[in-house]
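S.K.: These protein sequence lines map, in sequence, to chains E, R, S and B.
With the working numbering as the guide, the letters of the first sequence map in order to residues 1 to 339.
With the working numbering as the guide, the letters of the second sequence map in order to residues 1 to 339.
With the working numbering as the guide, the letters of the third sequence map in order to residues 1 to 339.
With the working numbering as the guide, the letters of the fourth sequence map in order to residues 1 to 339.
Just so you know, the hints here were simulated from the structure itself, not pulled from any lab data.
Glycine included, C-beta positions come from ideal geometry on N, C-alpha and C.
Each hint should be verified, as a subset may be incorrect.
[To be verified] Once the Cα atoms are required to be at most 20 Å apart in a straight line, the calculated SDA-like pairs of lysine to any residue come out as: (1) R:253 x S:180; (2) E:233 x E:247; (3) B:273 x E:44; (4) B:273 x E:175; (5) R:339 x R:322; (6) R:253 x E:233; (7) S:164 x B:233; (8) B:233 x S:163; (9) E:273 x B:336; (10) B:253 x E:233.
[What the hints assert, rightly or not] Taking CB as the label site, the calculated pair distances span: (11) R:231 x E:272: 51 to 57 Å; (12) R:26 x B:91: 40 to 46 Å; (13) B:205 x S:205: 48 to 54 Å; (14) B:205 x S:240: 36 to 42 Å; (15) E:231 x R:231: 53 to 59 Å; (16) B:237 x R:63: 56 to 62 Å; (17) S:63 x R:121: 39 to 45 Å; (18) R:37 x B:241: 53 to 59 Å; (19) S:72 x B:237: 36 to 42 Å; (20) S:206 x B:235: 48 to 54 Å.
[Said to hold, decoys possible] Simulated coverage check for chain B against chain R, where a stretch passes if three residues somewhere in it have a Cβ under 8 Å from a Cβ of chain R: (21) 139-151; (22) 185-198.
Chain by chain, the residues:
There are 4 protein chains.
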Amino acid sequence: MAKVKVGVAGYGVIGLRLATGVALQEDMELVGVADVAPTLSVRGLVEAGMPYRFYNAMPENEEKLKAAGVPISGSLEDLVEQCDVMLDATNAGVGAKNKELYARMGKKAVFQGGEKNSVADVFFHGYANYEKGLGQQFLKLTSCNTTGLIRAVDALDRAVGVEKVAITIIRRVADPGDYHRGLTNALQMDKAPSHQAVDLMTIMPHVDATGILVHTPVTHGHIITVVASTRKKIDKANTLEILGAHPRIRTVKIEDGFLGNASLFRYARDMGKLRGDLYEIALWDESIVNSGNDIMFAINIPQESVVIPENMDAIRAAMQMQLTRDEGTAMTNRYLGIK
Amino acid sequence: MAKVKVGVAGYGVIGLRLATGVALQEDMELVGVADVAPTLSVRGLVEAGMPYRFYNAMPENEEKLKAAGVPISGSLEDLVEQCDVMLDATNAGVGAKNKELYARMGKKAVFQGGEKNSVADVFFHGYANYEKGLGQQFLKLTSCNTTGLIRAVDALDRAVGVEKVAITIIRRVADPGDYHRGLTNALQMDKAPSHQAVDLMTIMPHVDATGILVHTPVTHGHIITVVASTRKKIDKANTLEILGAHPRIRTVKIEDGFLGNASLFRYARDMGKLRGDLYEIALWDESIVNSGNDIMFAINIPQESVVIPENMDAIRAAMQMQLTRDEGTAMTNRYLGIK
Amino acid sequence: MAKVKVGVAGYGVIGLRLATGVALQEDMELVGVADVAPTLSVRGLVEAGMPYRFYNAMPENEEKLKAAGVPISGSLEDLVEQCDVMLDATNAGVGAKNKELYARMGKKAVFQGGEKNSVADVFFHGYANYEKGLGQQFLKLTSCNTTGLIRAVDALDRAVGVEKVAITIIRRVADPGDYHRGLTNALQMDKAPSHQAVDLMTIMPHVDATGILVHTPVTHGHIITVVASTRKKIDKANTLEILGAHPRIRTVKIEDGFLGNASLFRYARDMGKLRGDLYEIALWDESIVNSGNDIMFAINIPQESVVIPENMDAIRAAMQMQLTRDEGTAMTNRYLGIK
Amino acid sequence: MAKVKVGVAGYGVIGLRLATGVALQEDMELVGVADVAPTLSVRGLVEAGMPYRFYNAMPENEEKLKAAGVPISGSLEDLVEQCDVMLDATNAGVGAKNKELYARMGKKAVFQGGEKNSVADVFFHGYANYEKGLGQQFLKLTSCNTTGLIRAVDALDRAVGVEKVAITIIRRVADPGDYHRGLTNALQMDKAPSHQAVDLMTIMPHVDATGILVHTPVTHGHIITVVASTRKKIDKANTLEILGAHPRIRTVKIEDGFLGNASLFRYARDMGKLRGDLYEIALWDESIVNSGNDIMFAINIPQESVVIPENMDAIRAAMQMQLTRDEGTAMTNRYLGIK
C-alpha cells in the first residue's frame with residue numbers, strides 16, 4: 001500500500017516534533033517541512049545535514065534563508081501539492097489562512113490547539129473521539145494540557161463513568177529556550193473556567209468540567225490536579241489499574257525519584273530519548289487520594305511532545321488508514337515506540 | 001488594666017512580624033525578642049536603633065553578638081521571667097525544648113505550625129476554635145497555608161455548611177532572601193494528602209478534607225485552589241458575599257491588575273505597608289466557578305504575615321483577654337488595622 | 001525660605017519612590033503626582049488614604065479612575081502649573097512629549113534614564129557632575145545601573161584616578177510584581193558594549209569604559225562586577241577605605257549573611273525600611289581582588305530605589321538650592337536618612 | 001590494535017555522558033558503568049534496555065537494585081578488574097576512596113573536578129597540557145567552567161600571549177532535574193577569587209587570573225565574561241579568527257537567534273543531539289569588545305557535557321594512545337563528531 005504523504009507547516013517546537021513523529025510512522029512518508037525564516041530550529045536542520053526537505057513559506061525571506069545556508073526545495077504550495085495531508089503547526093491564526101490553500105488544493109489538514117475550533121470540521125482526540133475524525137478533511141487537535149487530561153478522563157469514563165471534573169492546571173509558562181515570553185518569581189492567574197475544561201466538555205459533552213489555571217515560572221511540563229466524580233466510586237488501587245493500563249499514561253513514584261516535572265525530563269534525557277521527549281503523560285502514584293466519593297490525582301503533561309501521538313492518530317482517522325480507535329491508536333503507538 | 005506582657009522567641013521571618021504585631025496591640029506590651037546569633041534580622045534590629053530589647057538565647061554566642069554590635073538585655077530565661085506569655089517562633093523542634101522552660105517558669109506559650117501537635121494543649125485557629133484556646137497554657141497555631149485556608153472554609157461552613165474540600169496547594173518554595181532552600185526551574189510533588197488538609201480536619205473534624213501540594217519556584221505567596229462541597233449549594237455571588245464579609249479575606253480582581261501572588265506583594269509595598277505585608281488572604285473574584293453543586297475558587301496566602309493575626313488571637317484566648325471569638329478577633333483586627 | 005514645589009509625573013515603580021523622596025526633603029513640597037489610569041500603584045494610593053494629591057494625565061480615563069475611587073485633583077497641566085520643577089518618571093518616550101508642556105509653562109524638569117539624552121540640557125549625576133546641572137532647565141538622570149556604577153567609579157576616580165573600567169552587569173530582568181516582562185530559566189545576552197558603559201563615558205569622558213550585560217531571571221537587584229584600571233594601584237584595603245567612605249555605598253560581608261542581592265532586600269524589609277528600599281548600593285567586601293595592577297569588585301544595585309537620591313540632587317542643582325556637589329548631596333542624604 | 005578498555009564509576013549527570021563519549025570512541029571499549037543505587041539515571045538505563053553493563057558499587061543495595069529491575073553484572077571490583085582505565089565521576093570525595101582500589105589493582109584512573117588536586121599525579125586539560133598527562137596513572141580533570149575557560153584562554157595564549165585574565169562567572173546553579181539544590185529569585189555571591197581562576201593558574205602558571213562568581217537560578221549553561229590582557233593587542237576580528245578556529249569553540253550570534261544559554265540548549269535539542277548536549281563552548285560574536293588594550297568577550301559553558309572531550313583526551317594521554325596534543329585531541333574530536 002502506498003504510504004500516506006505528509007507535510008508539516010511551521011517548524012517550531014511542535015512542528016519539528018511532528019516531523020519526527022511522521023518520520024517514525026512506517027506507513028507514512030514525510031515529504032518535507034515549511035517555515036518562514038532561518039530560525040534556530042531551521043538552522044539546526046541545516047547543521048544536522050537536512051534530514052528533511054525544507055520549503056519556504058515566505059518568498060520574501062528567500063535571501064535571508066539562503067544567507068543562513070538553508071537549501072530550499074520549493075514553496076509552501078510546492079509542499080502541499082505533493083502531500084495527502086498537512087500537519088499545520090504554524091503560529092495561532094496562520095493556520096486559518098493556510099486552510100484556504102489546503103482547501104483550494106483539495107488536501108486534508110490537521111490544525112493544532114491554538115487555532116479556533118471553527119477552522120476545522122471536527123475537534124479531535126485520538127482516544128476520546130477517533131471515529132468522528134474518520135474521513136474528515138479538516139481536524140483540529142486539542143492543546144497539550146487538554147490532550148493529556150482527556151487521556152486520563154476518557155480512560156476513567158470508559159471504565160467507571162465520569163460525571164464531572166474540577167481541575168487545577170499548574171502551567172509551565174514557557175518552553176526551554178523561549179525568550180519571547182516568561183515570568184519571573186510570580187504565579188499568574190487566568191480567569192476561570194480554564195479553556196482546557198471547556199475544551200474537554202466539547203470533546204466529551206456528557207462530562208461537566210471546570211477548572212482554574214495558574215501559570216508558574218518553569219519550562220519542563222505542566223502538572224494538573226484532577227478531582228473526578230465517577231459514577232462508580234473508585235479508590236487508589238482501581239485508579240492505578242485503570243490509568244496504568246493506558247498506553248499513553250506512565251505511572252511514576254515520588255519514592256523512585258520522580259519528584260516533579262523536571263525529573264521526567266531528566267529521566268527521558270538520561271535514557272537518550274530524542275530531545276528528552278516523552279509521549280506519555282505521567283500519573284504520580286502517591287498523589288492519588290479519595291475526596292469522599294471522588295478521586296483526586298496529579299498528572300504531568302510534557303508540553304512539547306504530548307500532542308504528537310494524537311496528531312498521528314488524526315492523520316490515520318482523516319485518511320481512514322485505520323477505521324477504529326483501537327486500531328488507529330495502536331498503530332501510532334507501535335511506530336512511536338509506546339508500549 | 002495592666003497590659004499583657006509578651007515575649008518573642010526566635011527573631012526570623014515569623015518572629016520579627018510577631019514582634020511588630022504585638023507592638024501594635026495596645027493592650028499588650030512587647031517585652032523583647034530572643035534569638036541565638038547575629039543573623040541578618042538581628043543586625044537589622046541594630047541598624048534600626050533597637051526598637052525592641054534583645055535577649056540572647058545561646059550564651060556561647062555572646063561574643064559573636066557583641067562583635068556584631070548587638071546590645072544584649074539578658075538571657076532567654078530573663079525574657080521569659082518578665083512575660084505572661086511567650087510567642088515561640090523558633091525553628092521546628094526547638095519550641096518543644098523551650099516548652100520545658102516555659103512550663104518550669106509557669107508561663108503560657110504559643111507555638112507555630114512547625115512544631116508537633118503534641119507540644120500544645122490545643123491546636124488553635126482564631127476563627128475556627130477560639131473558645132477552645134480560652135485559658136489554655138500551651139497553644140499551637142496552624143501553619144500559614146492552613147491558617148489562610150481555614151479562614152475561608154470556616155466562613156463557608158458557618159454560612160452554608162461544608163461537607164468536604166479538595167485542595168491544590170501551589171506552594172511558594174522559599175521566602176524572599178532565603179538562601180538555605182530553593183528550587184530552580186522545577187515543580188515538586190509532595191505525597192498526598194497534604195498535611196494542610198489533615199490539619200484542617202483536626203481543627204474542623206466534621207469536614208472531610210484532602211489535597212495535593214506542589215512546590216513552585218517563587219517567593220511571594222502560596223495560591224490554593226479549593227473545591228468545596230457545601231451542604232447548601234452556592235454560586236459565585238453567594239461566595240463573594242460570604243467570603244467578602246470576612247475581615248481577614250480581601251477580594252481582588254484580575255481585571256483590576258491583581259494578576260497573581262506577586263501583584264499583592266507589589267500592591268502592599270506600593271501602599272507603604274510595613275515590609276509589604278498583608279494580613280489578609282486574597283480571594284480572586286474571577287476564579288470562582290461552580291463544579292456541579294460544588295464551589296471552586298482560588299485564594300492567595302501571604303506566607304510571611306498571614307499567621308500574625310491568629311497569633312494575637314491566641315494570646316487573647318490564652319490570657320482570656322476576650323472570652324468570645326467575635327470579641328477576640330475583632331480586637332486583634334482593630335489593632336492591626338484590618339477593616 | 002519658600003519650599004521648592006515639586007510634582008511627579010508617572011506613578012509607577014520609580015515615580016512613587018520619587019514622591020516619597022520629595023516628601024522627605026524638608027526644603028521641598030510635594031504638590032502631587034500624576035498618572036493615566038487606576039493602576040495597582042494608584043489603587044494603593046487610594047487604600048492608603050491619599051497621602052498625596054492625584055492628577056489625571058489622561059482625561060479620557062476619568063471615568064475609569066472615578067470608578068476605582070480615585071479622587072482627582074486636576075489635570076497634568078494643573079499639577080505642572082503649581083510646581084517649580086517636575087520629576088518625570090513616565091514610560092520611556094512619554095517624557096519627551098511632556099517636555100513640550102513643561103517648556104510651554106516655563107517649568108524645569110528632571111527626566112529618567114529611559115528617555116533619550118537629547119531630551120535634556122545635561123545628563124546628570126549628583127556626585128559626578130553636580131555643578132553641570134546648576135540652573136539648568138532640563139536634566140536627565142542616568143539609569144539605575146549607571147547611577148550606582150558611577151558612584152563607585154567616580155569615588156575611585158577622585159581618589160586615585162581611573163583610566164578604564166570593564167564591567168559585567170548581571171541584570172535583574174523584572175521588578176517584584178512585574179507581569180509584563182520576564183524570563184524563565186534563561187540567561188540573556190545583550191550586544192556589547194552595554195549602554196551603561198557608554199553612558200558612564202558621557203558623564204565621565206576621561207574614563208574608557210566598556211562592558212557586557214547579561215539578563216537573569218531575578219527581581220531583587222542587579223550585581224555588577226567592575227575591573228578598574230586606576231592611575232595609582234590600590235589594593236583591597238584602599239578600596240574599602242575609598243568606597244566605604246561614600247555615603248551612598250554600603251559595605252557588606254558574605255560572612256555576615258549578605259549572601260547576594262536578595263539578602264539586601266530581606267535586610268531592608270526586616271529593618272522596616274519603607275518598601276524594603278535601600279538608597280545605597282552595596283559593595284561586597286569578599287569580592288575585592290587585584291587583577292594585576294587593576295582592582296576588581298562586585299556591587300549590588302537596588303534598581304527600584306537607587307536613583308531617588310540623585311533625583312533629589314538634580315532638583316537641588318536645577319533650582320540652585322545648593323551651589324556645590326558637596327552641599328547638594330549632603331542635604332539630600334540628610335533628609336533621606338543616609339549616613 | 002586492541003581497544004583500550006574503559007569503565008565509568010558513578011552514573012550521574014557526568015558519568016552517563018562519559019559512558020556515551022567512550023562508546024563513541026572507536027579505539028576504546030566501554031566495559032560498563034558502576035553506581036550505588038537505582039537512581040533515575042540507572043532506571044533509565046533499564047528502560048533503555050541496558051545498552052551498557054551495570055556494576056553495583058554498594059553491595060548492601062543489591063536488593064534495592066534488583067527490586068528496581070536492574071541487571072547486575074558484578075561489583076565495582078569486577079568492573080575495575082576488566083578495565084585499563086577508569087573514569088571516576090562519583091560524588092566529590094568518593095573518588096579519593098576509589099583511588100585506593102584502582103591503585104591496588106594497578107589501573108589508571110581519571111578523576112573529575114570535584115576531587116582534590118592531590119588525588120592525582122597531574123591536573124589535566126586536553127589542550128593546555130596534554131603532554132603532562134602522557135603515561136600518568138592518575139589524572140584529574142578541571143571542572144566544567146574551568147575546562148571551557150581554558151580552551152579559550154589557551155587558544156589566545158598560543159596565538160598572542162596572555163598576561164592576565166579577570167573573569168566573571170555567571171553560574172547556573174543546578175542541572176535540569178536537580179531537586180537537591182536550587183536557588184529561587186536570588187543571585188548568590190561566592191568569595192573571590194573564584195576557584196576557576198585559581199585552577200586556571202595551576203594549569204597555566206604563567207597567566208595571572210582572578211575572578212568573581214555569581215550563582216543564578218537557571219539550569220542551561222554558565223556564562224563567563226573574560227577580560228584578557230594579551231601580550232599583543234587584538235581586536236574583535238582577531239579574536240574571532242583565533243577562537244573561531246578552535247574545534248571546541250563554536251561562534252554564535254545574537255542576531256541569528258542565539259539569545260542566551262537556553263538558546264544553545266534548544267538548538268542542540270532541536271537538531272536531535274543526544275540529550276541536547278553540545279561538546280563545544282560558545283563564543284558570542286556581539287560580546288567581543290576592546291577594553292583599552294585588553295579584549296573582553298562572553299562564552300557559554302554547557303555544564304553537563306563540556307568536560308566529556310577532555311576526559312577522552314585524558315584517556316588518550318594516560319594510555320599513550322596518541323603522543324601529542326594535536327593528535328590526541330584530533331582523535332577525540334573525530335569520534336565525538338566535533339568539526
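S.K.: Are the hints correct? Go through all of them and say.
M.R.: Each hint, compared with the structure:
1. At most 20 Å may separate the alpha-carbon atoms for a hinted pair to count; residue 253 (chain R) and residue 180 (chain S) meet this at roughly 17 Å.
2. Pair hint residue 233 (chain E) plus residue 247 (chain E) does not hold up; C-alpha atoms about 23 Å apart against a cutoff of 20 Å.
3. Distance hint between residue 273 (chain B) and residue 44 (chain E) is fulfilled; the C-alpha atoms sit about 10 Å from each other, no more than 20 Å.
4. Restraint check for residue 273 (chain B) and residue 175 (chain E): satisfied, since their Cα atoms lie roughly 18 Å apart, inside the 20 Å limit.
5. Between residue 339 (chain R) and residue 322 (chain R), the direct Cα distance comes to roughly 19 Å. Compliance with the 20 Å bound is thereby established for this hinted pair.
6. At most 20 Å may separate the alpha-carbon atoms for a hinted pair to count; residue 253 (chain R) and residue 233 (chain E) exceed this at roughly 37 Å.
7. This hinted pair checks out: residue 164 (chain S) and residue 233 (chain B) have alpha carbons roughly 16 Å apart, not beyond 20 Å.
8. Under the criterion of a C-alpha separation no larger than 20 Å, the hint pairing residue 233 (chain B) with residue 163 (chain S) is consistent with the structure, at around 17 Å.
9. With a C-alpha separation of about 19 Å, the suggested pairing of residue 273 (chain E) with residue 336 (chain B) holds against the 20 Å cut-off.
10. For the given pair, residue 253 (chain B) sits about 58 Å from residue 233 (chain E) by alpha-carbon distance, which is inconsistent with the 20 Å threshold.
11. A beta carbon spacing of about 55 Å between residue 231 (chain R) and residue 272 (chain E) agrees with the range 51 to 57 Å that was offered as a hint.
12. Checked against the hint of 40 to 46 Å, the C-beta distance between residue 26 (chain R) and residue 91 (chain B) comes to roughly 57 Å, which is inconsistent with it.
13. Against the hinted window of 48 to 54 Å, the Cβ-Cβ separation of residue 205 (chain B) and residue 205 (chain S) comes to about 39 Å, which falls outside the hint.
14. Taking the beta carbon of each, residue 205 (chain B) and residue 240 (chain S) are about 30 Å apart, not inside 36 to 42 Å as hinted.
15. The hinted window of 53 to 59 Å between residue 231 (chain E) and residue 231 (chain R) is violated, with their beta carbons roughly 23 Å apart.
16. At roughly 59 Å, the beta-carbon separation of residue 237 (chain B) and residue 63 (chain R) lies within the given 56 to 62 Å, and the hint holds.
17. Taken as a hint, the range 39 to 45 Å is violated for the pair residue 63 (chain S) and residue 121 (chain R), whose Cβ atoms sit roughly 57 Å apart.
18. Range check, residue 37 (chain R) to residue 241 (chain B): Cβ separation about 55 Å, and the 53 to 59 Å hint holds.
19. At about 59 Å, the beta-carbon gap between residue 72 (chain S) and residue 237 (chain B) misses the expected band of 36 to 42 Å.
20. Between residue 206 (chain S) and residue 235 (chain B) the beta carbons are some 23 Å apart, a value that contradicts the proposed interval 48 to 54 Å.
21. Given as covered by chain R, the region 139-151 of chain B fails the check, having 0 residues with a CB less than 8 Å from a CB of that chain where 3 are the minimum.
22. For the region 185-198 of chain B, the stated coverage by chain R holds: 3 residues have a C-beta nearer than 8 Å to a C-beta of that chain, and at least 3 were required.
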